[in-house]
Every structure is written in structure tokens, then in C-alpha cells.
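Engineer: Respectively, the protein sequence lines represent chains A, B, C, D, E and F. Using our numbering, the first residue of the first sequence is number 1, and each one after it goes up by one. Using our numbering, the first residue of the second sequence is number 1, and each one after it goes up by one. Using our numbering, the first residue of the third sequence is number 1, and each one after it goes up by one. Using our numbering, the first residue of the fourth sequence is number 1, and each one after it goes up by one. Using our numbering, the first residue of the fifth sequence is number 1, and each one after it goes up by one. Using our numbering, the first residue of the sixth sequence is number 1, and each one after it goes up by one.
Quick caveat, the hints were computed from the structure, so don't treat them as lab data. In this text, a Cβ means the ideal position worked out from N, Cα and C, and glycines have one as well. The hints are all genuine.
Over the 10 angstroms line for every Cβ pair with chain E, so calculated as not near, a few chain F residues:
(1) Phe54
(2) Arg60
(3) Asn61
(4) Thr78
(5) Pro99
(6) His100
(7) Pro117
(8) Leu122
(9) Glu128
(10) Gly133
(11) Arg140
(12) Leu165
(13) Ile211
(14) Leu212
(15) Arg214
(16) Thr217
So the derived label-pair ranges between C-beta atoms look like this:
(17) A:Glu36 / D:Gly55: 29 to 37 angstroms
(18) A:Arg121 / B:Glu128: 47 to 55 angstroms
(19) D:Ile39 / A:Glu43: 27 to 35 angstroms
Derived coverage of chain B by chain D (criterion: at least 3 residues anywhere in the stretch with Cβ under 8 angstroms from a Cβ of chain D; other residues may be distant):
(20) 55-63
(21) 70-83
There are 6 protein chains.
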Amino acid sequence: MTPPDDFAIQPIVDALCQEAEPVLSGHYRMVLPSRERVIAIVEDVRSLFFPGYFGTQDLRNDTLRFHVGATLDRVRVTLDEEIRRAVAFAEKHDFDACPHCAIAASEATRKFVARLPAVRRLVAGDVEAAFEGDPALRTRDEAIFAYPGIFAVTNQRVAHELHVLGVPLIPRIITEHAHTITGIDIHPGAAIGEKFFIDHGTGVVVGETAILGRNVTLYQGVTLGAKSFPLDANGN
Amino acid sequence: MTPPDDFAIQPIVDALCQEAEPVLSGHYRMVLPSRERVIAIVEDVRSLFFPGYFGTQDLRNDTLRFHVGATLDRVRVTLDEEIRRAVAFAEKHDFDACPHCAIAASEATRKFVARLPAVRRLVAGDVEAAFEGDPALRTRDEAIFAYPGIFAVTNQRVAHELHVLGVPLIPRIITEHAHTITGIDIHPGAAIGEKFFIDHGTGVVVGETAILGRNVTLYQGVTLGAKSFPLDANGN
Amino acid sequence: MTPPDDFAIQPIVDALCQEAEPVLSGHYRMVLPSRERVIAIVEDVRSLFFPGYFGTQDLRNDTLRFHVGATLDRVRVTLDEEIRRAVAFAEKHDFDACPHCAIAASEATRKFVARLPAVRRLVAGDVEAAFEGDPALRTRDEAIFAYPGIFAVTNQRVAHELHVLGVPLIPRIITEHAHTITGIDIHPGAAIGEKFFIDHGTGVVVGETAILGRNVTLYQGVTLGAKSFPLDANGN
Amino acid sequence: MTPPDDFAIQPIVDALCQEAEPVLSGHYRMVLPSRERVIAIVEDVRSLFFPGYFGTQDLRNDTLRFHVGATLDRVRVTLDEEIRRAVAFAEKHDFDACPHCAIAASEATRKFVARLPAVRRLVAGDVEAAFEGDPALRTRDEAIFAYPGIFAVTNQRVAHELHVLGVPLIPRIITEHAHTITGIDIHPGAAIGEKFFIDHGTGVVVGETAILGRNVTLYQGVTLGAKSFPLDANGN
Amino acid sequence: MTPPDDFAIQPIVDALCQEAEPVLSGHYRMVLPSRERVIAIVEDVRSLFFPGYFGTQDLRNDTLRFHVGATLDRVRVTLDEEIRRAVAFAEKHDFDACPHCAIAASEATRKFVARLPAVRRLVAGDVEAAFEGDPALRTRDEAIFAYPGIFAVTNQRVAHELHVLGVPLIPRIITEHAHTITGIDIHPGAAIGEKFFIDHGTGVVVGETAILGRNVTLYQGVTLGAKSFPLDANGN
Amino acid sequence: MTPPDDFAIQPIVDALCQEAEPVLSGHYRMVLPSRERVIAIVEDVRSLFFPGYFGTQDLRNDTLRFHVGATLDRVRVTLDEEIRRAVAFAEKHDFDACPHCAIAASEATRKFVARLPAVRRLVAGDVEAAFEGDPALRTRDEAIFAYPGIFAVTNQRVAHELHVLGVPLIPRIITEHAHTITGIDIHPGAAIGEKFFIDHGTGVVVGETAILGRNVTLYQGVTLGAKSFPLDANGN
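Working from the sequences, and respecting the hints, build out all of it.
Structural biologist: The structure is reproduced here in C-alpha cells:
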């Protein structure tokens, strides 16, 4: 007796494999960076920028240094691995064996880590800008903890550092994560000045070639430096 | 032999700690409400409003009361804890010891729970409005189960109750969660009348001071009662 | 001694149950499809379309077929179950016992699976369109791995197949998942031609009745074939 | 160039499939009960016996009934499903379609649930026996919360009820779970009188045919009613 | 029509509640320590004793201190909370409000943390004893990483410190966890000298009043200082 | 004001670091195999031996090969990685760069995979022996699915293959996992003939040098080929 859901999946498997093989042909093995691990790294960086607001919540002056040090060391180790994956994938080198990819990853990680205090100052300025610009905001805490604009700009500033260092794929993963969470889509390549504030934010698009000076504020739905046809709304 | 990724993270740790210490100086210990637990509470409330659609799916008239009672009791206990955290954080009181925070949390929880049947009626009206307003909608079930507008308005109505009770931070977490899921950004303070319907929704912004009457319908991309410069789209 | 958080939840339980009972009255037991499992099925389909980019990353020509076959078989089994749940719910039949629902689910699953190679070709065309249309895109890999437009269109094309087969609820879950992740809201019923490209995407709305030809490109914030009142931005 | 780990897995796949096929031949589809879900059911039962010690910890006299009711209803629904799987597997019937299996499962579940108050009294007696028999035990709480003997006996008493009802496989899963956690191996078929106490417990074996009266105490390493050759320790 | 699994659970709920109420009567709210969190603390302690073998695996001399400091600080904070729960439960005090319990927990935590270097030296001696005593052991690494005897003795030495400080319940949870994992059951109260080695271990029982000198080795199945009737194997 | 739990953890951190540094001195970075991943590999092997009983439960003759192939390929890839970690750790080589470790891992993986059909036949014989030897066993299914003896012997036979290939650490992890789950402790080095059956099993110890012929049955508490002093029960 033939069961009701019995049908041959073999020809469909064959058809799908045939489609896939040309895509795979250039690769022996695809080792991509992990979206989950990249996002975890960014969360670690956020907790380095605002310890206590994210990650460990019970901090004292005498133990702060342990937590910052352990988190930064974890960022160093895990980011190195993810960059190595991204470089090997982009260059189509062998992830396990390529010494060039390992060196490039170490180098980029080292430079990225060295930039963190400067990036932290930029993000602190963005919080300040939110506080000055949004009358509904009672404390800086709320901006740090719950504002989508701060979330998205922090991700972009982190991604931008990696973009400038030539790291492939990972900057995009970082800004796309912010895009998913906030609806704010800023290209990792955009050059953004100090004290940048985005209010509400959904639908904001900032393109790769955008250059923004100090004290810029953007509102929801605004596009900068990317193609946009807002009058074309009926699709013609 | 120096390993390739060996570099000193000590000065960067020091620099990050120095930045962080002024932020932390006012706090002995930061106990923030937990985003995950607040979201879980809202999901419990959603299952109180629409039992069977969310949470336990096997309900009968004779067991419904057990599930509603157990869920409501869990809401009561966990919301009390999260409000206590939010109040202690906002007031910079000691979470573990402050009796004022504990009493304020109990009081707000009690009042919130007492409002739930009324909020449920409002949300049922919003489902009705979706059913009347959207010809593509075949059953109310689909609106309850899958409409972003219903999701966002439910979150806002819940957040609004807590906002009115003066609960800090948590209302924002609730509306920001809806913002992430739906792209609809309604301030917890907005006063929204009965039978509110949002179609599609991405990019909708409703500000803190907005007051909406009965039977309002909003479409994607509309801003109400918040700063918005739609003509400024080229960033000037 | 009355503890500070002691208050009677009984009347609120009663009020909430009373509200819920009319909703539940038509059902003996609500067995809804699971959002999580539906999303997992779509992720499996994505890995069938682009093996190596999603799911198992270590593929060789001689083992590809095992992974594609095992994944497709899992899609077959789990989709059948979810469709059976959706049909039984929509028809208000008994999920456990109704043979009609089981047969309808088998039938729809079989037809859906048979369509996968064709859908794969459409999605490959969309990747091609992105590569041709976006000068910032260096490799097709990045579009496959990280472009919200590709993510959303893949979900819609999968949902559209199920929509055409008359499967209730599940197509909506699939497009709403893309809406949450990307801010792009395309109705499962929209008929979309080959080589469709969405740039940035947040705020894009494509309605149920939209019909798009070949080589269409949409930019963020554009509405097609759905009600939209962009000039109504002040809410009048 | 052949990569270092490139070797043909095809013949091994073939060999393993050939071995497997005879085992599978009698089954169209194997739907086994889930170990994880069965264990979760037993944990729910434990929280019915000792509410507050397991599961929800914040109970008051006025809300206890909600939690007990909701938990018992979940036991009812999930146990029914697992018994149906076990019966269909043991009888080699079609899990999805067999009405006999569904009825047998409902019947066994109903009878099991009706026995719970009696089983609870037996387990309360076992706690009493531990308190009377172990001078190191300061409170009954510690026996309930942390004694391996109480854990194992509770599992066996629950499993025994299902064994008596003729439920296949599930009783074994329940006693084997206790065996793993405690090293105490009591067959579901053993008939155990009131106030049974096992001290330490590792290595205790009680066989299927064992019949124990009231007030029995066992110590670690003791075998009752099962084959055992303690003098045979050199393996002859 | 009555569905096949429709039966009244109300009387069973009532019966179970009636049984439960006397147990609960003395408590307003039961706040027990969490088994999962206690086990996590012990794992943290294990990683303090053998950094690199457990927890973070990428350690250098210049970053070791960060990881040890951050882990120890987490142990301090989480153990304090769990001890506070255990004391409040044992004393039947109000967990949220009792200052006595908070002070007792702080005090015990402080003393426990101060003892860790000494306990570490004892456990290092146990590893040494395993290496000297077991010819099958090639490196100390394997004893640290995979020997049940080392696992169980580490847990007991940690539990013993808390036992000596008068902490209720938690020492038992710690030794019972080792009992589950290894089959070795050593009471937290047992006084164990330096360089203790347990080979294989299943069935070892060491009672509360046992006092062991230096260099003791135990083999599987041995009972010390606890009731044991190995000749009673037929249950008389 | 000094908070109640404020005490200096710095000296304790220093003391623990000082203890740890000699242990770490020989390593630049410790990359150990992952217990969780090794256990997952063994579970995959179990599902290769008994497809349908473990892992995917919905198998047909025409799809069996896909699942076996995909699982075997995952075993191949993940086992290779874990062996590489184990070899690098044991040899104190650099996990990331050492080509010797990579080659050794590939070699061992290849040989292990090639042995799987033969190991499968041995384990099938053990199931047969259980069925013949245990009158309480109604079907082979129950032995496969729920017998601790079968679980432990399967783990040992898998571990033994890796032991014979000279793989360090991993064989021990595999047999210790069985020891935890079943209380049966068989050294990976023990040579075990066909049709081996262990009844109940808790406390069984089989040492490294044990050689067992065909058709051996062991009962709980029996020690073979390992030191054991059962008469020494009072510790003298």
C-alpha cells in the first residue's frame, strides 16, 4: 500500500544539486563568518562602551577592570577568528591552512582593538547629541539602553572601523543586524562626524558615499547619499 | 617567539575603563530591568488577551481558567520584579534594600493587572477595526495571529498603561520591541482611541503627544505628532 | 499580616476568561502552525537554494547530494505537518482525526516540493539582478549572504507558491518574518516577474494585487498596489 | 589536487544502509516517544506533588489552584500524546491514523491522572520515612529537594502506575532517567509498599518481580529480586 | 459531543491542592536556591582552579588575570545571591526583606572566596595523587579534564567549605551533582586530608562523619563512615 | 559608605593566578576537544547504527540513504576537528598551524569511518545478546532505545576504535559520558568480544587490560581487570 505522502524526491534532489554545483565549483569548502558570533562580538563591544548597561550588571570600580579586560580579550580572540573566515572566503583561500589570511586577520584585529577608545568617544558624543536633541529624553541612560538610533549608530561606527581596515562581509553583517533591529540602514562605508543623532529612525538610509559633518540629526524615512525615488511611489 | 596575534591589550583596557568610570560613578551597582523578561511578560499578556492563539494551544472551557490564572499570576510576580528594578535604577536607589521601590512596584503592578480586562477590550476593538478595514483579511484569526499592526498596537496599549502609572524604562522597552518586529514606532505616551488600525505599518511613527480619536486608520510611512521632515529627503 | 503584594487576582481572571470564551467557542482545540517551525522550514529551503551559504558549510561534490536530500526530506515531513495544522485551523476541523486535512496537506506539500527547482531559478535571477543593479556589490556571495532584498524576495517567492496552492496562514507567516527582518512587506499573493531587485528596502510595500514584470527594481519606501497616502503625513 | 581529508564515504554509507534496512523493514515510519518530553512530564508531576519545591516558586493559597490546574492540564495533554506514540510504536500501528492507539492513550492518561492523589500520598510517606530513617536529615525540605532516593522512588512510583496500565516504553524511560541521575535502578514493575527509603542509593537494583512491604530501607549497592552475582567479581 | 479525552480534572486538582496546602502553610513564598545556578558557580570555581581546562581556553600570562578576576567576581555576586536564598529558605525568613539573611550571605561568601587559594592547593594535590596512583594515566591533563574522581573530590572540597560555614542546602546540591555525574557520593561534612584519590569511583560512599587522613585511595564500591550492609544483598 | 559585600578580591585573584601560571607555562594556548561536540558525534554514530531510533524518525527506504550520508558526512567533518584538537593538545603543538596534527586527524578520521560498518555489526550482536539474555525484554526495540548496557557498550566500542588509532583524550570523554549516564565504566582500551551483555550495570568496571571473549554477560557491581578491594569496605 502506498502511503499518502509517498512521492519521489529523488528527481528534485537531482535538479537542486545541478543548480548548486556551479555556485560551489570554485570552492573546496565554504567557511563563512558566523552571523551569531559576529553579533555577539558587537554586543561585547557595546558592553565595553557602556559597562553595566549591557553584560555584567554588578560592577565596582575595583572589579571593572577585570570585566573590561576579560571582555576585550574575548573580542580579540573571537573577532580574529571571524575575520580570518571572512578573508579566506572573500579571497577563496583555504581557511585552515592559509597563513596570509591568519596574518591579515591578526593585523586587522589588532588595529580594530586599538581604535576602540576613540570609537567609544564618538558613541558617547552620539548619546550626548540624543540628550541635547530629544526633549522627550529624561536621562542619558534611556538613550543608551533603549534608543534605536544609538543602537544603529554604534553598530555602524564599529562596522566602519572594520570597513576602513578592508575586512570583507563582517561590516555588512553588523550594519544589517542594526537594520533588522531598528529599520535604520547605514552603509559601513559612510563617513559620519561627531554627535550624530537619528530620531525614530525607521526607513533612514545612508549610502556608502555619504559624508556627514558634526551635529547632524536625521529623522525617520530620510535617505542620504543613496538612490531614492520618493515621488515614484506608484511604481512608474 | 612572539605569536602573531600577541599584542598588549592592557593600555586599551585602561583607556576604556577611564571612559567608563564617570558614567558609573553615581551607581554602586546597576540593576536594570531585563529586556528578555519584559518581552516574555508582554507575550504572557498577549496570551491572556487571546488564549489559544499564543501560549498553551489546547484549551477547553473547563481548563481555561487554570491557564489564565497561572499566566496572570506569573505576570504579577515577574512584572513586580521588573518594575522594582526599573524604579530603583531610575531613582538610583539600592535595588536590594529600598522599601520605597518595592512598594512602588507592587502598587503599579496591582493597578496594571486591574486594567487588563479594559485593555483587552480595546485590543479586541482593534482586531475588529482590522477586520472591517482590510478587505484582504479573511478571518479575525489571521489579524490576531499575524498582523504587525495588531502586534504593535497591543504592545503600545500595554506600555501606555505602565507609562500612565509612571513606570520608567519598561514602557519604552515594550514599544521598542514592537518597533523592531514591525517597524511601527508608537510612543508609550500616545493616547489612542478605540478601534485603531495600522495597515502594513513600516515607518509609522506616533509621537508622545499624539492624541488619536476613535476609528483612526494609519498606513505605512505616516508620522503623527513627532518631528518629521519628509521633504528634506536629500538631507539639506 | 497581609504581604505588600497581596491582592485578589480572581476577579481579573474571571473577567479575562469571560472575554475569551466567545472567541474560543467555535473551537474544541486550537492547533495553530508554529511560527518557529515555519521559519525553520524556510531556512532549510534557503539552504537548498544556496547550499554552503546557509546550513552545512563543508560541502563537496560527492556529499552535496546527501545534504540536499536529507534537507529536502526534512522540509517534506515538517511542511506537511505545518500545512495540516494550518488547514485544520482554517477549516475548523479536528487536527488529529480529519483525513481531509491530511490529504490536502500531503497534496500541497508534494506540489510545493516539485516547484522548488523552478523557484530556485527565480531566486538565482534575483541575485543576478542585484549584482547587475548595485554598483556597491562586489560579489554575488554578499548579495546571497547579507542583502535584505534577497532575503525578502526569497521568502515571498516561497510564500507565493504556498499561497497559489491555497495554503492558509503559512504564506503570511513567511512574508511577515521577512517584514520583521528587512522592513520589506510583500504580500504572498503578489505576482513578481524574473530578476526582481529591491535596494535597501525598508518601507517597501507590495500589495496582494500587484503584478510586476521582469527586471523591476524598487527602492526603500516605495508602495506598489496597496493603499498608501504619502501626502497625508500630518494625519488628516 | 586531492585535499588531505578527501576520501569516499559512499561505500560506507551503502554498508550502513544495508545493515539498517532489515531493522526498518517492518515500519513505515517510526514515531517514538520523546525522552525529553517524557522527562518534562515527570518534572511536572513532581511539581504537582511538591508545589513550590519544583516549578513555580511563588505560590499563595489563593493562586495555588491555578498553577496545579494548569500543570495538571499540561500533563494530561502531553502524556496523552507520548502514550499514543508509545502504543503505536509497540503495536506497529500508524501513529497518525490509528484510532485504537488514540483511544488507548486517552484511556491510560485518564486513569493515570486519577491515580495522582494516591501516588502523591505514597511519595509523601517516602519523605516521612527518609526523615525518620536518616539522622543526618534536618528537615523534610532537604529530602524533597535534594535526596536521590526520593527522586528515584518518585520516578518509579509514577512509572509503576503507567506500567500497570500496560503503557509500553515510557515507564522504562522514566526509571532509566532516575537510574542516570541517581544510580538507583528500580524496575517499573516492582511493587513497593508504603514508606520506602533508600539511603545513598548508588548501585541499588530492584528487579521486575520484587515485592517490598511497608517500611523497607535499602542501602547503596543492594540488589533485590534481580540476578546478581556479587561473588563472581573476577568474571568467571 | 464529548471528545474522547474529555474528563474532569477539577476533583484531582482539588485533591492535589489539599495535599499541598499543609506543606505550604508555613511559607508565604518559597525562594529556593537554583540548582542550575549553583552548578554554574561550581563550574566557575573549577575554571579558577584550572584556567584553560574549563571556561575560556585562550589564555596568556598577560590576560589570565582578567579572566580569573572576572570569573571570581561573578562567583562572588552569584554565590551571595544563592546563599541568601538558602539561608532565607532554611530560616523561613522573607528572602526579599530580611537583612539578617543578606548579611549572613555576604559573610559566608567573603569567607568562602578567601579560602579558594587553599582549596585550589588541596585539589592540585588530589591531581598529583591520581597521577602517582594510576599507572594508566599518562598526563595530569587527563586527570583534570576527564577523571570522575577529580570531579567529585573538587565538588566535595568546595561543598565542604560552605558546609563548614553553615550554609544550608547548597553544599548538598554540589555533592549531589557530583553524585549524578560520577556515582561518587561524599557527604559535604566529610573531612578529607591531602592527596585523596578515587579510582573509577561508582558506588563510593563517604559519610558525614568520615575523617580521612593524607594519601588515601578509594576504589569503586567502597563505603566509609556510612551505614552499609553489603552482606544483606538478599534484602533481609 | 562601605557596602555590606564590599571586600577586596584582588589578593585572591593574585593568589589564584600564581597557582595557575605554572600549569599554563608549557602552553601558548590550550585548545581542548569539546565534550559537547564529542558527545554529539557519538549520538550521530548511534543514529547511523540504528537509524530511526535516534535522530530523524521519519525514514523510508528511498530517503534513508540521504540521512545516513548527511549524518556520516557531519561525523567525518566534526570528528576530524575534534581529533585535531586532541592531538595538538596532547602533543603541545599549535592547533591552528600544525600540519602534522591536521594530517594525523584526517588519517584517524578516515580509518574510524571505514570501521563503522564492522562496529555496527558488533553492536547489533550486543542487542541480540540482550534479547537472548534478558527474559524481561519483550522487543529488541526496547534494548536499543532504553537499555543502559547497550548505551555503554556502544560508547565503548566507538571509543575503542579511536583508542586503537591512538587518538588521545576523546576515547576517555566517550566512555566517561557513558559512565555518567549509566554508571558503567569500561576503559576504552578493553578488548570486548562479540555479543556482550551488561544487565543493570551500575558499578560495573572493566579495566584497560581486560580481554573478554564472546557471549560474556556482566551484572551490576562487577569489576573486571581493574584494581578492586570489595572486602575492604570499612576502609582499612
